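Chain residues, written in single-letter form:
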Amino acid sequence: MKPRYELCIEIGEIPILVHTDSAEFAGMLHDRYGKFVVGRRAAGDPNIETPGRGEQRAVEYEAEDGCEPESAAPRDSTFNLPVSSFELEVELLPPGMMSDAEEARVRLEGGRWLMERGDFRAECDPEQRRGWVRQSANPYSIDAVLRMLHSLILAREGGFLVHAASAVRNGRAFLFAGVSGAGKTTISRLAPPDVLLLTDEISYVRKDRSQDSGVGSQESAVGSRDSKVTNQKARGGRQNEDRRDPASDGVLSQTPETRPPFDAPLTPGTRPLVPAFVAYGTPFAGELARIGENLQAPIAALYLLVQGPGNAIEDVSQADAVRSLLQNILFFADDKELVQMVFQAALEFAKCVPVRRLVFAPDARVWDLIG
Amino acid sequence: MEAAQIPVFRFGYMSPLYIARSNEIAARQLGDEMIVMSARDSTLFSLNNVGLVIWQAADGRTSLEDIVKDKVCAEFEIAPEEALKDAENFVRELAGHGIMRVSDKPFE
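For the protein sequence lines, the chains are A and B, in the order given.
Residue numbering for the first sequence is 1 to 371, as defined by my numbering.
Residue numbering for the second sequence is 1 to 108, as defined by my numbering.
Read the hints as simulated data drawn from the structure, not as lab findings.
All figures in this text were calculated on a predicted structure; none of them were measured in a lab.
Among these hints, one or two may not hold up.
[What the hints assert, rightly or not] Stretch by stretch, here's where chain B covers chain A in the computed footprint (C-beta under 8 Å, at least three residues): (1) 30-39; (2) 305-319; (3) 342-350.
[To be verified] With a straight-line cut-off of 35 Å between C-alpha atoms, the simulated DSBU-like cross-links for lysine-lysine are: (4) B:Lys69 / B:Lys85; (5) A:Lys336 / B:Lys71; (6) B:Lys105 / A:Lys336; (7) B:Lys105 / B:Lys85; (8) A:Lys351 / A:Lys336; (9) B:Lys71 / B:Lys105; (10) A:Lys336 / A:Lys207; (11) A:Lys35 / A:Lys351; (12) B:Lys71 / B:Lys85; (13) A:Lys207 / B:Lys71; (14) A:Lys336 / B:Lys85; (15) A:Lys351 / B:Lys105; (16) A:Lys351 / A:Lys207; (17) B:Lys69 / B:Lys105; (18) A:Lys35 / A:Lys207.
Ideal placement from N, C-alpha and C gives every residue a C-beta, glycine not left out.
So that you can see chain A by itself, here it is in the shape it has in the complex (with noise of 0.2 Å):
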């Protein structure tokens, strides 16, 4: 009988059962995700450890390849795992069996996703939750195929992965987007010891499931005034002139002194703003090398990084914020339904989360700045 291992890995609550024949990839996979393993399980051992839980439930479990074990029984879902969940079988390649040349794409092909990248193959049916992955023993490969599938998750239901830093204070989420240098793993070294991080590099996004997320932000949301408009061809036409973004309803941003509590009224007759979109922690490293929080928390505001001589928080057009957030998040099937969906994502989030510029200074004074 062929050993098999089972963690159960999971993100932003969504939970994903990789099993694999070789314990040491198990092993490796479970000291990579940490906190993130919820569960994980050996050949021939009938308990399932939940790490953090503390307690052990007694399963059943059934042989392949036709062997019997001694106490053979149906195969429980012993993960007590959500019909929404997604299994991984794991088939691990010799090194040097798959290229490392070519860039990631993914594709829908036949109803299913095709994940694919140098190091890598694998497949995963939507609809059944269950697919493949061929590569050889390292953590990197299954650790892009994990993002790209929770990327294409969250896409059916109008969340994202963004290249960001996250951080949670006073209960609130913030993030930090930028691309590679922009300062994500900075201001994330530079957090005081009251924040929590949830990540350094890549923000998890999901619409918050729990509250009515309508549109009584709009008040409080940015996306005012800026006289520059992105002119990616150069010819003609008249200088914009400063102002107001329709999107913005003709209200002024506000700066962090002057905006009321999170959750309190802003005007007579107006709702509360309501946390449209909820940040996990996630185990995807940037270059501080440390897992995040498993945590989460409603999102409260979204910074566009800028590296600057001092610490300033500046508005920016819904245009502007729109762009930006699109430039940043991860996503890379060629589907159109999916990209439509990943677009409409970040139309809804720019609408219902302040997205602001953040020119910050290396120095944690940003931090005064911040929630």
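Position chain B against the provided structure of chain A, taking the given hints into account.
Quick look at chain B alone, frame taken from chain A:
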């Protein structure tokens, strides 16, 4: 039609070009800016006011020459030949990413 196949066009010398917005996109106008994302390769385009005029006029039945003459030159202070050359380059780039369709005949 791929971008590389678009013929060079000068006023009165060759068959007119017709352009139509692709439906393999996601797009939204925010203020004076049109943000367009290609569903083919997720490339993001941000169209300024001139690009927006061409984009909105790309109905598949109006030639690029007419769009430039009637919409672009009429509204902005650009010489017609220069405007058309820029417009050709513009639609060529968009067509290369599957955002715009181009043809030497009107689209049905």
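(message) Under the constraints set out in the numbered hints, which ones does this structure not fulfil?
(response) Per hint list: 1, 13, 15 violated.
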